[in-house]
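**Q** If you read the sequences in order, they're chains H and B. So the first sequence is residues 46 to 416, counted in this note's numbering. So the second sequence is residues -2 to 363, counted in this note's numbering.
By construction, these hints were calculated from the structure, which means they are not laboratory data. Take the hints with a grain of salt, since some may be wrong.
[Unchecked claim] Straight-line Cα separation of at most 25 Å, DSS-like style, residue types lysine-lysine; simulated pairs: (1) H:LYS128 with H:LYS81; (2) B:LYS182 with H:LYS319; (3) B:LYS85 with H:LYS319; (4) B:LYS85 with H:LYS192; (5) H:LYS319 with H:LYS131; (6) H:LYS128 with H:LYS223; (7) H:LYS192 with H:LYS131; (8) B:LYS182 with B:LYS85; (9) B:LYS85 with B:LYS292; (10) H:LYS413 with H:LYS128; (11) B:LYS292 with H:LYS192; (12) H:LYS398 with H:LYS413.
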Amino acid sequence: MRRIAYVLATLAIGWFFAVNHAAALDVSCIEASRYKYLFQLFGGDTRKFIAYFNLPAGQLPRPEYCRAALLDGGLSSDEDVTKVIKIIGDNHGWLATLYLRSGGGLVRVGVGIGILARNFWLKTYAASQRRGIMDYQPDFAVPPPDKLPITDLIPDNAPTLAGWQAYRASIAKLPPIKMGGSEMFCASACTQIHAGGIDRKGISRVHRASGNAKTLLATNEGLIGTDDFLVSFYRFMDAGPDFMRMYLLTTSATTTPLPISRFARHVSDVLAQKCGADADQLARLEAQIDASVADFGSQITFYGPSINLEHLRTMAARVRMRRMAAEQCVAAINEAERLTAYAGLCQNGCDQKKLNSLIVQKRNDIQKTIR
Amino acid sequence: MRLSAVILLIVAALQAVIAPRSATAALSFQCVEPSRYRNLLPIFNDDPSAYFGYFRTTQRQLPPLESCRSLIINGVIGSGDAEALLGKIIAGQGGLAVLYLAFDGTNVVEEARMAVLVRTFYLKTKAVRGAGYAYFPDFASRWNAAVPLGRTAGSSPPPVASFSPLDEGLRHFAARTDLRLPVAKEHAFCLDGCWTVWFAGVNRTRSAAQAPAAKTPASADAATTRQRELFSRYIDSGRWPAANDSALVQSISGAPFWTAAADHMLRQSCDAELAVVQSLAGNLTQTFDAAAAKKFDPPSVEGMAPLLERLNRAGARIEQCYAVAYEEQRNASFRRQCPAHCDRPVLSERFNKMADKLLLDAGQIK
């Protein structure tokens, strides 16, 4: 009986709680992610592109297709879900990443787009900025170290330093996406989209939902229902125990910034098994060595004798080389998975109704898992 | 005494007399507010025992809480500036440790006298090279937190104790809004005679170079520049370089961060800490190579975490050891000059004579 009351309250109130009344969502292609530019990473050789991703011969995106889209603004209506479906369809399965710049909005919309992200096998990155400009990085490869260690070779077909330079030169004149330093890049209902991604990067700012029903009793019961649903949603998306805990602990008046684990656990296990290394773990190892270089280099060496930092730098470079191979392996697996997902969901173009039904069905599945 | 040396001394003395009238300003010696000891104590959790413990001092005496650990020196050098610096050192009762230098102009006598004070009282110097330089304590720095290398997707790593005992205090300190140095726009660079004083620092660092808005012509002629160079080399090593020493063609502004004497002192004081860090670095290399042989599979990467953590801890211990060594030397230097109290006239005369004599000797090297 209590469960039913919660569900009713959730449906009646929870889905409509706007936690942050922001401007409507703008969904646009990130210009620097158009394939005509990304091909430059491979020296313009599309055969290398195909080989890098281990794609069937001839399976290529059109040069104008976008690999990444920016979701910018508040989540204010179901139209926002439609906009995301449209950009997925417009790019015929080659859209891989959603960059998120949103202070939140309706939980229903965040959950809907999060479900789409998961089922279309999309990556979700909370936008970050460098000197006021949104930072876009191709999602499928990491650049080689500036100084190549003599012990390791660049993996076959992976973008070389020259390729990265050519890519950067090709996008240099594109208009930058400006961002303010104090913006909350992915907060509140946006975190549901972030959690839905299959490869997640950046910081999510979580808090409990808020709302206002006719009575305090109804408000409380409705929000507890929303809490139950969202905890189940985050669990279903495998955002991690900290995510669920901090969602429940953080008052709606503020937000808690949280790094989100890059992959869902089971996905992480499979990728590590197939690739022989954990790409995310290698990224953390490289970050740790870089931090040690920075600490020893910027602090001790100002005051007195230190250790041989060149040795640590070489270690970081060797880890980077291994990461390049691991990221290539992960990229190929994800690419195949995403293209398969798209073919299954949008075989003859993306049907709005069918996809809305998918969202409802998945939502109901999650609802059933409420503990 | 050679005639040329006498002439140089007379010129220098004249500069000292004339300079105040021609200079736009005498140097200003301003406390760097966050460096007041009352502002530094929160780094030690406001706990004097933590302060004494960090500096490993048995004398349970804090520097005066209102005194400043750092000063910023701004303006154009002129007569009486060395005297003013001596006054500040004495007022600090041994607590003054760092000078941020953002001044210009030429007055070899004052430069030399200030340099003698800096070296005698074992002060650190920092050359300011543009606005935007922020103050940070000279005795500790924030260490990056350990990056978890375990494969526990989705949950926070177990809490990692800080590498340095001061990390938490420094994190709060870094949030202060007054850390940017109060540098006058027209004197935001250490130029000319400023480098003579900078070079005398026992530990001398410089901010990242910015291009000055307008290139100011050097205010010293070739003879003065050479006199400065010779004087500085003597201050640094305690012996005169040969007139044709190749080191003389290298600018002193590119000098190493710490002196040869400080290097010796630090290696002696922190020999154990350095040995440990070298050993850990060696162990890390072995573990890393073993992991590389396994193509960095997850367990081998995870196995590197404890060593990296130990290496960073050892690094933080070296940093503390260096801080202690510098502190001990500085305190000892102050006590040597001011055993019971500071006799300012005596000290002033002693250091002025010393600097003037060295300048004179420098002028004799051809």
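**Q** Each hint: holds or not?
**A** Evaluated hints:
1. H:LYS128 with H:LYS81: holds (23 Å)
2. B:LYS182 with H:LYS319: violated (59 Å)
3. B:LYS85 with H:LYS319: violated (67 Å)
4. B:LYS85 with H:LYS192: Roughly 49 Å between the alpha carbons, so the hint for B:LYS85 and H:LYS192 is violated.
5. H:LYS319 with H:LYS131: violated (33 Å)
6. H:LYS128 with H:LYS223: holds (22 Å)
7. H:LYS192 with H:LYS131: Judged against 25 Å, a Cα distance of about 43 Å means the pair is violated.
8. B:LYS182 with B:LYS85: With a Cα-Cα distance of about 24 Å, the restraint between B:LYS182 and B:LYS85 holds, given a limit of 25 Å.
9. B:LYS85 with B:LYS292: violated (60 Å)
10. H:LYS413 with H:LYS128: Measuring from Cα to Cα gives roughly 28 Å; hence the hint is violated.
11. B:LYS292 with H:LYS192: holds (20 Å)
12. H:LYS398 with H:LYS413: With Cα atoms ~23 Å apart, H:LYS398 and H:LYS413 stay inside 25 Å; holds.
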